[in-house]
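When you get a sec, could you build the whole thing from the sequences and use the hints?
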Amino acid sequence: MEYPEDLRYSREHEWARSENGRIRVGITDFAQDALGDVVYVDLPESGTQVTSGQAFGEVESTKSVSDVFAPVSGSIVERNGALEEHPELVNEHPYGDGWLVAIDPTDPAELDALLDAAAYQEHISTS
Amino acid sequence: MNAVGAPIRRQGPGGGGTILDRSVPGRRGWSLPPLDVPEAPVPEEHARGRRPGLPEVGEVDLVRHYTGLAQMNYGLDTGMYPLGSCTMKYNPKVAEAVAALPGFQRLHPLQPDSTTQGALELLWRLERALCEITGMDQATLQPPAGACGEMTGLLLMRAFHEDRGDARRRVIIPDSAHGTNPASVRLAGFEAVPVRSDARGLVDAGALAKLADDSVAGLMLTNPNTLGLFEEEIEEIAATIHGVGGLLYYDGANLNAILGRCRPGDMGFDIVHINTHKTFATPHGGGGPGAGPVGVKDELAAFLPAPTVRRNEDGGFSLDPGGERSIGRMHGFHGNVGILVRAYAYVFLHGADGLREVSELAALNANYLARLVGEEFPLAHPGMRPMHEFVATAKRLRDATGIRAMDVAKRLIDLGFHPSTVYFPLVVEEALMVEPTETESKATLEAFGEALRRTAEEARERPDVLREAPVTTPVRRLDEARAARALKLRW
Numbered sequence: 715m716e717y718p719e720d721l722r723y724s725r726e727h728e729w730a731r732s733e734n735g736r737i738r739v740g741i742t743d744f745a746q747d748a749l750g751d752v753v754y755v756d757l758p759e760s761g762t763q764v765t766s767g768q769a770f771g772e773v774e775s776t777k778s779v780s781d782v783f784a785p786v787s788g789s790i791v792e793r794n795g796a797l798e799e800h801p802e803l804v805n806e807h808p809y810g811d812g813w814l815v816a817i818d819p820t821d822p823a824e825l826d827a828l829l830d831a832a833a834y835q836e837h838i839s840t841s
Numbered sequence: 372m373n374a375v376g377a378p379i380r381r382q383g384p385g386g387g388g389t390i391l392d393r394s395v396p397g398r399r400g401w402s403l404p405p406l407d408v409p410e411a412p413v414p415e416e417h418a419r420g421r422r423p424g425l426p427e428v429g430e431v432d433l434v435r436h437y438t439g440l441a442q443m444n445y446g447l448d449t450g451m452y453p454l455g456s457c458t459m460k461y462n463p464k465v466a467e468a469v470a471a472l473p474g475f476q477r478l479h480p481l482q483p484d485s486t487t488q489g490a491l492e493l494l495w496r497l498e499r500a501l502c503e504i505t506g507m508d509q510a511t512l513q514p515p516a517g518a519c520g521e522m523t524g525l526l527l528m529r530a531f532h533e534d535r536g537d538a539r540r541r542v543i544i545p546d547s548a549h550g551t552n553p554a555s556v557r558l559a560g561f562e563a564v565p566v567r568s569d570a571r572g573l574v575d576a577g578a579l580a581k582l583a584d585d586s587v588a589g590l591m592l593t594n595p596n597t598l599g600l601f602e603e604e605i606e607e608i609a610a611t612i613h614g615v616g617g618l619l620y621y622d623g624a625n626l627n628a629i630l631g632r633c634r635p636g637d638m639g640f641d642i643v644h645i646n647t648h649k650t651f652a653t654p655h656g657g658g659g660p661g662a663g664p665v666g667v668k669d670e671l672a673a674f675l676p677a678p679t680v681r682r683n684e685d686g687g688f689s690l691d692p693g694g695e696r697s698i699g700r701m702h703g704f705h706g707n708v709g710i711l712v713r714a715y716a717y718v719f720l721h722g723a724d725g726l727r728e729v730s731e732l733a734a735l736n737a738n739y740l741a742r743l744v745g746e747e748f749p750l751a752h753p754g755m756r757p758m759h760e761f762v763a764t765a766k767r768l769r770d771a772t773g774i775r776a777m778d779v780a781k782r783l784i785d786l787g788f789h790p791s792t793v794y795f796p797l798v799v800e801e802a803l804m805v806e807p808t809e810t811e812s813k814a815t816l817e818a819f820g821e822a823l824r825r826t827a828e829e830a831r832e833r834p835d836v837l838r839e840a841p842v843t844t845p846v847r848r849l850d851e852a853r854a855a856r857a858l859k860l861r862w
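Same order as they appear, the protein sequences are chains S and V.
If you want the numbering used here, it's the 1-based position in the first sequence plus 714.
If you want the numbering used here, it's the 1-based position in the second sequence plus 371.
Keep in mind that the hints are not guaranteed to be accurate.
Stated by the list, open to error - Derived pair list, reagent style DSBU-like, types lysine-lysine, alpha-carbon separation capped at 35 Å:
#1 V:LYS464 x V:LYS668
#2 V:LYS859 x V:LYS813
#3 V:LYS766 x S:LYS777
#4 V:LYS859 x S:LYS777
#5 S:LYS777 x V:LYS813
Honestly, the hints are just simulated from the structure, not real lab data.
Set out below in structure tokens:
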């Protein structure tokens, strides 16, 4: 499984990437593998305020429905509409076309509090 | 529809097809008596534009088609299934015979009480027996299923707090709980608050203490819990919840494990729901009709659904219409009485000693089987002794071979067994949950254990056999993900 070096990771298995001041968010390769085939993704509308550590959406697989937690606080500026028709993108390209939302962060420094790739791999190997 | 000739096609395993595949134009399974009234045309406005697409088959075709479908079925009457009491225990046939007695079968709920004394006495005696078994003071037999029992129990909890002018809105539920618990909590107007399990697989008492405050209406708990483990600190848990004025709700899903050994009421629970198909071996075909009796301690009795059956001073029985604090009806009349008759038959057929033996054998069977397969499929929480069911994990097998719990489950079908529950409880990775129940023999348990061990061997030597399974069924492995993604609710 892959954990790109340029991403930050939460302990709840989301990734976050800084892009021109916005934070793009998805779930990790580990998370999509553990969930199994994703069949439905429920994401908030643009403009919704989210709080770091709080659930903001749900990912449903053939096994379960799981909350997705905001890695940083801010407001949703974009959500991945392609997932409505093709939720399998979360399994196929968790770090690419399977992204979930983009957040305009209240405090961009929150990103630094997240795990780096090495620390995240350490986290999943011990949990 | 097949236009020419009769299709020669064996139905049954490996067969398939619908009744329309057997249709031959003009063939009939019946003959009408000669017309003895004048023939009259169907009025224009009621006449069909074209013939209905109904199958045209003879009686023999019809019987073979449906018998073939029945032969494809797999149930407890054909073999063991490791879903256990969670789905339904084996239905003893004597309970069917009792329920079929004309005195029960031909009753009408609107008959006067004086003509239904036997049935009312049975309901009263069952209510007393369920209270004795669970340690409750009074019970309602009305809820027509376990989920309705949950709803009833939570409405009772709500009525209790509101009656005291204390509108509490939070109900704590362990993270290992079955999804119906939070669903019922929401439906009853509460907010579900999860509490995590600790490394042993039990409720984390420290985390619970932090959540417990005067906004908590109660805690919903299954004991043994959904991991098949006994909540050893139940008395401390009860003290924590009662200490903040909350109530304890016992989900009876795993009551089979403790029958006649300990009682939820003695552990501190205030409300208990029972699934009669899980514990008292009643049928549960297609999700119903069922029965989900709810027992409560005295302080909640005034809120019970009405009517209940009471015994009069003269020894007769009548229906108690209930007081104004009752939460009202949860079902028409007295619930599914035919199911309650079967539950009564089961309870009194076994008696106290027999019920104790049920829980003993259920736990013995589960532990024996856990030991048989433990090398390949270790317990998810090895520090604890399972009760009537065990949760093992295929994580090690997956890490070594890439074969998952789902592949193991599908392969079990080819090896002649119904698969176990997989991927539940959600807190266990690659979970395999197995509950043989008390009715399986040692030989059957060993055969199932052997089948499960064989899947692990095959995972290492011939993994494709598992990935392709099942191959012996009328339909091969279904694409569950596609079925859910491209949901079709009409045809």
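Against the structure, the hints come out as follows:
no., hint, verdict
1, V:LYS464 x V:LYS668, "34 Å, holds"
2, V:LYS859 x V:LYS813, "44 Å, violated"
3, V:LYS766 x S:LYS777, "15 Å, holds"
4, V:LYS859 x S:LYS777, "19 Å, holds"
5, S:LYS777 x V:LYS813, "32 Å, holds"
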